[in-house]
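J.: Spelled out from the first residue to the last, the chains are:
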Amino acid sequence: MSLPARIRSGLTGLNLSLLILVTVAGFLELLLGPVDLTVAEVLEGLTAPAENDLALIVREIRLPRVLLGLLVGAVLGLSGAAFQGLFKNPLAEPGVVGVSSCAALGAVIAIYFGLAGSVGLAGLVVPAFGMAGALVATVILFAVASRDASVLTLVLVGIAINAFAGALISLALNLSPNPFAMSDILLWLLGSLANRSMADVALLAPFAIFGGFLILLSARGLEALTLGDQVAKTLGIDLKRLKLFTIFGTSLAVGASVSITGAIGFVGLIVPHMIRPFVGYSPGRLLVPSALGGAALVLFADLAVRLMPGGQQLRLGVVTALLGAPFFLYLLMATRRMMR
Amino acid sequence: MTAIEVKNCSVSLSGCEILRHITMSLSRGQISAVIGPNGAGKSTLLKAIVGLVEISEGEIAVLGHPISTYQPELLASTVSYLPQQPEVHWPITVERLVSLGRLPHLVAYEEISGDHQRAVSEALDLVDATHLSARTVWSLSGGERARALLARALAVEAPVLLVDEPVAALDPAHQLQVLELLRKKANEGLSVVIVLHDLTLAARFADHFVLLNEGEIAAMGSASEVLTDDNLRDIYGIEAKRSEGAIIPWRLNPPG
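If you read the protein sequences in the order shown, they are chains A and B.
Each number in the numbering used here corresponds to the 1-based position in the first sequence with 19 added.
Each number in the numbering used here corresponds to the 1-based position in the second sequence with 271 added.
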């Protein structure tokens, strides 16, 4: 078998394994919890009439959690991989470079000024502000860091954007009109899949899917960017379109995700890094497996949080940050060594 | 038949005029060497031909059609370009690197197979890099890397190849190997435009010479018309020794 054929079959195998992993994680999320259910009970819960207890647990509590985990994880994995391809830098991740915190800032602004609603179009206000925040951050980042792709520049710009967004969020908390609003914002900021409904899933899904679609259209361009902007252009890649699609796609998807579940950090950093060797470091081929891997990681992390004794109080975003921050440090050192 | 026709072309970069009123015509199936001192505008000329820098006036045509009328994919499969300092941002394998040269011919998500695979294997073979195909680009020596990158440019199988200093990192044997390879491809019909600093190699392998100086064409034509003692003295500020057609830069010769 020739090398490309081996990679092709390997890629299919990789995607298949990750898909199985996601499915297993999703099923475990449905089965396990404060009340452990059997497979038959889960199936009954999925089909039973609404007033049934099983239906309540499976359809109202666990299913939205699974679907949100799936969407958010896929968005974070995919966006991380896309950012890393676009910036040609393994440390570019929506959380690290400040896109997630600007999305959170946008959402906080909407909540703080009482623009958030839950009925009809008003429900879109928080995600819209989140997406706008993400877009602003991405554009700033791109303007500053795109010419000089050095690790240091990217991380420093990320620090600046994160610090600024953090300061404004703190200001909102500081001036918050009542302690309930403050604790609401604070808990939401920590990042969690708990207590979300199918309405939240319905709100996120179109943006996640459309954003993801735009990113997947960039696969070929990201592949060519391996050789730098100029050669990519001489290979027939429309760089403006590539950058527009990647930036707009990640802003939509990450902005909407963060405004619904809060910031769940480092998924986009860890997952593409682990998958990269399996796809021969190809930025285009990294996209789909990273989405699947992101979904699997978020679902398993959420499962761990739920099953841990006393874990009901633990926030998913805190757990991913605890895992991700040391990993980021390791990656930073490794990258600096490699790029020297 | 002309491969590249440049008519009264000027290029300005950040307010500075890099190329002024360049007019030249390069034939198909020839090696045209673009030579000149540092900062003469050689690399910019190549970039202008492949559409990487905007021209402020004039027109550039490739194979008889102005480059502004080409669809990006068609231009990409017509003109292949290897920059002076090529970048490779991920530790991909040499085979993967070379297969990126097939991108202009592929539709999205199409995998390399059949004719594309043949082109990749041939390009690797041409630069004597088949044995490197499974190595990562980052692990190669300077010379191996330069050959792998040239294979990437050859894998496009474009009728026009623009290469900017492709042999600077190579040892003499590989320099000769690469230039002989380009010579052979030119004899088969490939139009090659090459930026070279090594006048000896240029004189030995090129059919046509374009001597640039401070953004203008100082001389153009065959070796005997361009590589004259006067030009070497006035433009490079050197005196050369000649031996059996070879030109050996010998000592500095301040103009005047």
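Be careful, since some hints might not be right.
Capping the alpha-carbon separation at 20 Å, the derived lysine to any residue pairs in SDA-like fashion look like this [said to hold, decoys possible]:
no.	chain 1	residue 1	chain 2	residue 2
1	A	K262	B	T401
2	B	K278	B	T315
3	B	K455	B	L397
4	B	K278	B	A489
5	A	K259	A	G185
6	A	K259	A	G247
7	B	K455	B	T294
8	A	K259	B	I326
9	A	K259	B	K456
10	B	K278	B	I331
11	B	K456	B	Q342
12	A	K259	B	R416
13	B	K278	B	R299
14	A	K259	A	M327
15	A	K259	B	L397
16	A	K262	B	V324
17	B	K278	B	A332
18	A	K259	B	T340
19	A	K262	B	A517
20	B	K456	B	T401
21	A	K259	B	I338
22	B	K456	B	L472
23	A	K259	B	Q301
24	B	K456	B	D478
25	A	K259	B	R299
26	B	K278	B	L323
27	B	K278	B	E344
28	A	K259	B	L323
29	A	K262	B	L323
30	A	K259	A	A340
31	A	K262	B	T273
32	A	K259	B	A332
33	A	K262	A	Y349
34	A	K259	B	K455
35	A	K259	B	T401
36	B	K455	B	E358
37	A	K262	B	E358
38	A	K259	B	Q342
39	A	K259	A	A162
40	A	K259	B	V378
If you're looking for bench data, these hints aren't it; they were derived computationally from the structure.
J.: K259(A) and L397(B): Cα distance at most 20 Å?
T.: Violated - the C-alpha atoms of L397(B) and K259(A) are around 34 Å apart, more than 20 Å.
J.: Within 20 Å, alpha carbon to alpha carbon, are K455(B) and E358(B)?
T.: 27 Å, violated
J.: Keeping to a limit of 20 Å between CA atoms, is the pair of K259(A) and L323(B) held or broken?
T.: 13 Å, holds
J.: Can the restraint linking K455(B) and L397(B) be considered satisfied, given a maximum Cα separation of 20 Å?
T.: 10 Å, holds
J.: Check whether the Cα positions of K278(B) and A332(B) lie no farther apart than 20 Å.
T.: 8 Å, holds
J.: Would you check the hint for K262(A) and Y349(A), treating anything up to 20 Å between C-alpha atoms as holding?
T.: Roughly 29 Å between the alpha carbons, so the hint for K262(A) and Y349(A) is violated.
J.: Does the structure keep K259(A) and A162(A) at a Cα separation of 20 Å or less?
T.: 13 Å, holds
J.: Is the straight-line distance between the alpha-carbon of K259(A) and that of A340(A) 20 Å or less?
T.: Since the Cα atoms of K259(A) and A340(A) sit roughly 33 Å apart, the hinted pair is violated (cutoff 20 Å).
J.: Given the hint that K262(A) pairs with E358(B), test it: the Cα-Cα distance must not exceed 20 Å.
T.: Holds. K262(A) to E358(B) sits at ~19 Å (cutoff 20 Å).
J.: Taking 20 Å as the top limit, are the C-alpha atoms of K259(A) and T340(B) close enough?
T.: The hint holds at about 19 Å.
J.: Would you mind confirming whether the straight-line C-alpha gap from K262(A) to V324(B) stays at or under 20 Å?
T.: 19 Å, holds
J.: Please work out if K456(B) and T401(B) have their alpha carbons no farther apart than 20 Å.
T.: 18 Å, holds
The earlier numbered hints that this structure contradicts are 1, 5, 7, 9, 11, 12, 14, 15, 19, 23, 25, 27, 30, 31, 32, 33, 34, 35, 36.
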